[in-house]
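Protein chains in written order, with our numbering: chain A, 1 to 200; chain B, 1 to 327; chain C, 1 to 661.
Be a bit skeptical, because a hint or two may be false.
[What the hints assert, rightly or not] Where chain C lies over chain A, by a calculated footprint (3+ residues, C-beta under 8 Å): (1) 1-11; (2) 15-26; (3) 49-56; (4) 122-134.
Worth flagging that the hints you see were computed from the coordinates, not collected in a lab.
On a predicted model such as this, the values are computed, not experimentally measured, just so you know.
For each residue, glycine too, the CB sits at the ideal point set by N, CA and C.
Okay, here's what each chain looks like letter by letter:
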Amino acid sequence: MEHRIEVDAAELSRFAPHDHPLWWGILGAVAIEAAVVANLLTSYFYLAAQAEAWPPDGVDPPALLWPTLVLFVLPLSSLTMWWAGKGSDAGRRRQLALGVTASVGLASLALVFRSIQIAEFDIRWDEHAYGSILWAVTGFHYTHVVSAIVGTAVVAVLAWRGYFTPERQLGVVVDTLYWYFVAGVFLPIYLVLYWAPRLL
Amino acid sequence: MRVCRLAAVASAFALAGCDGAGGVLAPASPDARLVASLGWWMFASAIFVLIVTLGLVLVGANLHRRGEPRRISFRASVLLVVAGGVAAPLLAIVAVAISGVVIGDEVEGPGGADGPWIEVRGELWWWEFRYLDEDGEVVAVTANELHLPVGRRARLRLVSDNVIHSFWAPNLQGKTDLIPGKVNLLYAEPETPGTWRGQCAEFCGLQHGLMGFVVVAEPPGDFARWLAAQAEPHRVTEPEGLAVFDRIGCAECHTVRGTSADGEDGPDLTHLASRQTLAAATIPNSRGNLGGWITSTHTIKPGAKMPSRIPEPEDLHALLDFLESLE
Amino acid sequence: MTDATAPDGTRGRGAGGARGHGAEPEGLPDYVRGGRDGLGEAELAELERTWQSPPGFLAWFTHVNHTNIGRRFIITSLVFFALAGLLALAMRLQLAQPLNDVLGPEAYNQVMTVHGTAMMFLFAIPAMEGAAIYLAPLMVGARDMAFPRLNAFGYYVYLIGGTVFFLSLPFGLAPDAGWFNYVPLSSKEFSAGYGIDVWTTMITFIEVSALTAAVELIVTILKLRAPGMSLDRMPIFVWAVLVMSFMILFAMPSVIVASALLMMDRLVDTAFFDAALGGSPLLWQHLFWFFGHPEVYIILVPALGIVTSIVVTFTRRSVFGYAALVLAIVGIGMVSFGLWVHHMYTTGLPLMGRSFFMAASAMIAIPSGVQVYCWIATMWGARVRFATPMLFVLGFFAIFIAGGLTGVMVASVPFDRQVHDSYFVVAHFHYVLVGGSVFPLLAGLYYWFPKATGRMMSERAGRWSCGLVFVGFNLAFFPMHQLGLEGMPRRVYTYLPETGWTLLNQLATAGSAILALGFAITLANAALSLRRGAPAGDDPWDGPTLEWATTSPPLNCNFARQAVVQSGNPVWDRRRAEVSAHVGGLRTDRRETIVTTVLDARPHAVQVLPGPTPWPFVSALVASAAFLGLIFTPWAYVLGFFAAFVTFVLWFWPRRPWRED
Ligand code: HEA
Ligand code: HEA
Ligand code: CUA
Ligand SMILES: [Cu+2]
């Protein structure tokens with residue numbers, strides 16, 4: 001048997017930060033979580049369709065102010081994330097560190113708004129299925145934001161310590177991907193939880 | 001113990017006069033008949049497809065055990081795949097879908113339902129049947145024994161306030177679930193007089209297995225007489241037994257119309273003695289079994305939601321006299 | 001390839017071989033002697049050291065190589081299979097007589113629930129995942145999975161979750177509401193105690209493991225294929241694994257949501273399923289079956305891949321209708337998401353709606369039929385070798401097709417309203433599950449055992465096993481069709497003698513004893529052949545796909561040099577052309593595998609893979625503690641979240657020296 005070398009891997013990139021298998025893996029995680037959100041929102045509509053009144057009589061739909069603020073803060077934090085990524089690509093470590101830190105700060109602000117809003121819900125989770133699904137969806141997204149924050153906080157620590165280089169920045173790239181998802185998935189949640197009961 | 005129960009039950013069989021096995025394949029209503037013939041047709045076609053396909057597998061794989069292996073031509077292969085893998089299933093789909101819709105409409109539809117309205121309530125682990133008049137008022141309440149007039153299409157309202165059960169009398173009709181928060185409708189139209197078994201078909205916990213019932217189809221005249229009798233309250237002839245019934249707590253759970261017993265947790269016993277079986281068609285209704293049921297409920301039906309009581313012998317006799325007087 | 005034709009098969013190393021166990025002798029392990037694939041002896045030895053899983057008991061918890069993890073998945077799932085099978089025998093014993101008291105109702109319901117749940121969640125899916133984890137990287141010519149540590153994490157999650165689930169049985173805390181756990185029966189009001197909580201938490205937990213495996217398999221298959229293996233050259237088995245993984249990805253979230261909602265109903269009094277408070281019991285059924293239906297095809301699809309592999313090898317022909325088969329598998333995957341309501345025909349949904357699902361359900365017969373007939377066309381007139389794997393495949397044909405046909409019968413609404421929740425359905429699903437997944441798995445076991453261990457399994461025992469399983473199976477399950485038609489509902493712990501069901505039940509019980517004997521023979525055969533089997537050589541069956549291009553068992557690094565592929569049957573090609581093409585330039589001092597493009601597999605990067613580490617194990621332990629805690633208190637959620645997070649940070653924290661190239 002004759003052995004031939006037909007592909008030489010010596011020259012290929014060992015980093016490929018924007019096209020690394022891990023990037024695909026995170027995309028898979030995002031797909032799973034998107035499916036979870038889709039299931040939760042479908043359940044919301046299913047319960048709504050079964051109910052006589054939705055929200056039940058005497059219960060107000062949640063106030064619009066705080067979630068609307070969150071709707072603006074989260075994309076803003078994505079913007080800083082994107083800016084940080086630009087810095088990372090160009091090797092500007094300071095820009096990277098500042099950007100991710102700003103994102104963590106902004107998302108924490110969003111958490112504060114979310115918390116205030118939860119405190120103002122007109123119904124508890126154990127009074128009616130409406131309250132249950134409202135709390136569950138909110139809690140699920142809350143968890144998302146918390147995990148994005150703590151994950152990015154770790155990235156920020158590494159960034160300040162100068163770990164990332166334009167090649168060695170997979171962590172930044174995948175964290176950003178997840179971040180976009182967490183920010184983006186709030187839109188359907190927002191529409192369903194805060195507008196659907198008003199419009200339906 | 002087991003031997004005793006077996007013996008008791010065996011005698012019950014003769015006693016209850018059930019038409020025994022057969023189920024789906026022994027239809028006693030137009031609906032069940034349609035479905036049974038649908039089943040036979042599908043079964044025959046399935047056997048045919050199975051034999052042809054397996055035959056092809058075996059023949060094809062053994063063809064050239066000895067000679068030179070030869071591949072059939074591309075065209076022949078495509079033909080095989082299209083015929084067996086596309087055309088035949090397509091035909092089956094069309095047949096299944098059309099027959100399903102047509103027969104489904106027929107058996108699930110009201111079809112000029114003119115029989116009685118009956119509310120079927122699934123309980124933990126027995127059945128309550130409430131006969132209603134046209135305004136939905138309760139005429140009579142009974143348990144575990146459903147009487148239907150022959151030739152009429154009875155309307156069953158299926159409800160549950162606990163877990164999900166499923167009402168299945170295979171000789172008459174496919175099953176339909178009893179779901180909390182929902183009312184389902186089912187029609188039952190026996191063609192001939194007869195007695196059949198039915199059973200809960202949705203897993204509902206500990207005694208799902210012994211949640212049976214008896215269906216009795218009788219000519220409309222007999223049915224009307226039966227219903228009128230069931231609607232009557234009990235006229236007390238055994239006051240001592242009734243006193244025991246009250247004293248040892250049976251009345252907390254059971255209603256005997258015409259007495260002060262008005263418990264709601266257990267079956268209505270007003271006309272207990274008219275029923276063929278006890279404890280959701282588990283044992284035949286006899287004096288011995290009644291005594292056994294009261295004193296050792298949980299050997300007969302472990303976990304049943306009725307506490308057993310062991311009254312003094314003379315009290316037990318009085319109690320049994322009373323129960324047997326519930327004609 | 002030099003060795004593929006070696007007459008004595010000495011290349012193959014026995015299972016107890018020196019690799020990875022005990023101290024390495026001074027010299028080189030004999031299987032690297034002379035090098036492989038044009039790679040020199042010394043380099044191969046270094047490469048093997050780099051990819052070695054360290055020996056020793058404690059080091060066992062650090063292994064990450066896909067061959068180790070895949071093997072563990074398979075063995076663990078077979079243990080769960082044997083246990084769940086024994087539970088089935090207990091049920092059969094109880095049902096052998098009317099009013100029997102081998103098992104009381106409490107015990108029966110627990111045994112029934114654990115049997116069904118374990119067979120589906122702890123045996124069938126993980127066994128398929130295990131086969132996929134073991135084989136897919138080999139078949140696509142990769143050196144490992146894309147995320148080896150995640151792979152290990154998934155395994156521990158499965159092991160711990162499954163063990164806890166089974167242990168609930170001897171402690172009398174087992175769930176008892178059936179494998180689909182309908183509410184309100186499973187609500188706090190009707191099922192107090194911890195049984196249902198064990199179900200909800202452990203099932204959710206085990207799903208996590210299925211999800212990690214799915215993501216991992218997808219990325220491995222899409223990104224780590226050998227150069228030249230464009231999508232249309234991928235083995236059908238790999239296609240099947242890809243489809244299975246996507247199905248897991250989109251189906252599992254719905255059961256996770258369902259069980260999370262139920263967990264909350266039980267733990268913090270939410271009202272999702274409580275009709276009195278605006279909830280809906282049917283919501284559970286929709287969510288469960290939206291998962292549950294694809295689930296059964298998740299089990300079936302990789303089995304179809306196994307069957308295809310075996311048909312190809314044992315006819316020595318490439319499969320007829322490659323594109324049709326791929327389309328059929330993808331089609332099954334997609335259509336299966338639109339059928340869930342066929343499990344709910346009796347819930348009183350409108351007939352028109354159900355008719356849609358009736359037609360859609362029957363539709364699955366087309367892709368299934370296409371596959372069956374493609375195999376027939378492939379086998380037609382070939383000189384088929386009827387070795388044990390092929391015999392099991394023949395058994396698969398008979399039983400799976402019979403089960404599929406009863407599936408089409410129950411797809412009919414009016415017919416199903418009669419047989420739903422009766423033993424007819426029990427018969428249907430055992431025909432498709434045992435025929436459609438256990439038979440192919442056993443076929444696959446006989447087929448790939450030599451690859452994984454370097455030794456052949458006994459043919460004689462294999463034939464006996466196959467015959468007994470086939471006869472026993474039909475004896476056990478065919479009578480159940482009739483039982484169902486005679487009115488016997490499923491999930492009954494006993495029945496009355498006057499029902500007339502005794503004889504058929506006794507037949508079923510007798511059959512299941514024969515069936516068990518048949519399975520026991522195969523399990524024993526596997527255990528004994530580990531040491532006693534005849535040496536297998538690299539390629540005992542003359543298979544076409546890349547797993548046959550390496551040693552048996554595979555090298556630590558899978559391939560001394562990764563292959564470059566020109567067709568769908570690379571191993572046959574090389575044999576014919578006497579030339580093998582390889583990737584060069586990968587380092588031997590760290591774990592590297594080549595990354596290629598998704599569609600046409602052009603090389604475009606190299607992935608550096610991590611080595612052994614205990615962190616996945618630690619993370620899995622912490623996550624298990626969190627999930628177990630959820631049985632008792634909602635705070636376990638918060639605590640567990642942060643505790644698991646800490647372990648993940650430790651897992652991923654970049655260790656110095658930071659990698660520069
Ligand atoms: C591997 C598992 C598996 C597979 C492959 C299938 C395959 C199919 N199943 Fe099955 N099914 C289950 C596992 C499986 N099922 C389980 C576990 C349950 C019960 C769950 C529970 O309640 O606990 C169930 C229940 C179930 C029900 C609900 C029954 C009820 O509860 O009342 C229905 C109803 O439509 C159904 C239909 C089908 C159909 C149409 C197919 C089709 O895919 C079959 C297609 C295959 C063929 C048709 C054979 C090959 C084709 C040919 C040879 C071509 C010629 C064919 C024709 C001319 C028709 N299945
Ligand atoms: C892949 C899935 C799968 C498999 C393989 C099986 C295999 C078997 N099943 Fe199972 N079954 C289900 C999935 C499966 N089942 C599901 C999902 C349900 C529904 C549950 C529910 O309703 O909730 C069910 C329900 C079910 C019932 C109905 C219970 C009821 O409704 O009350 C019955 C009854 O006979 C049964 C029997 C059997 C038997 C006899 C086998 C046999 O094939 C098993 C044979 C195997 C063995 C006997 C093990 C062999 C090994 C040894 C003997 C070696 C032992 C060695 C050591 C321990 C070292 N099963
Ligand atoms: Cu009621 Cu089963
Ligand atoms: Cu299904």
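So, going through the hints one by one against the coordinates:
1. 1-11: Since 11 is at least three, the answer is holds.
2. 15-26: As far as the stretch 15-26 of chain A goes, the hint holds, because 8 residues have Cβ atoms under 8 Å from chain C.
3. 49-56: Our answer is that it holds, as 3 residues pass the Cβ test (under 8 Å) against chain C, meeting three.
4. 122-134: holds (count 9)
In this structure, every one of the numbered hints holds.
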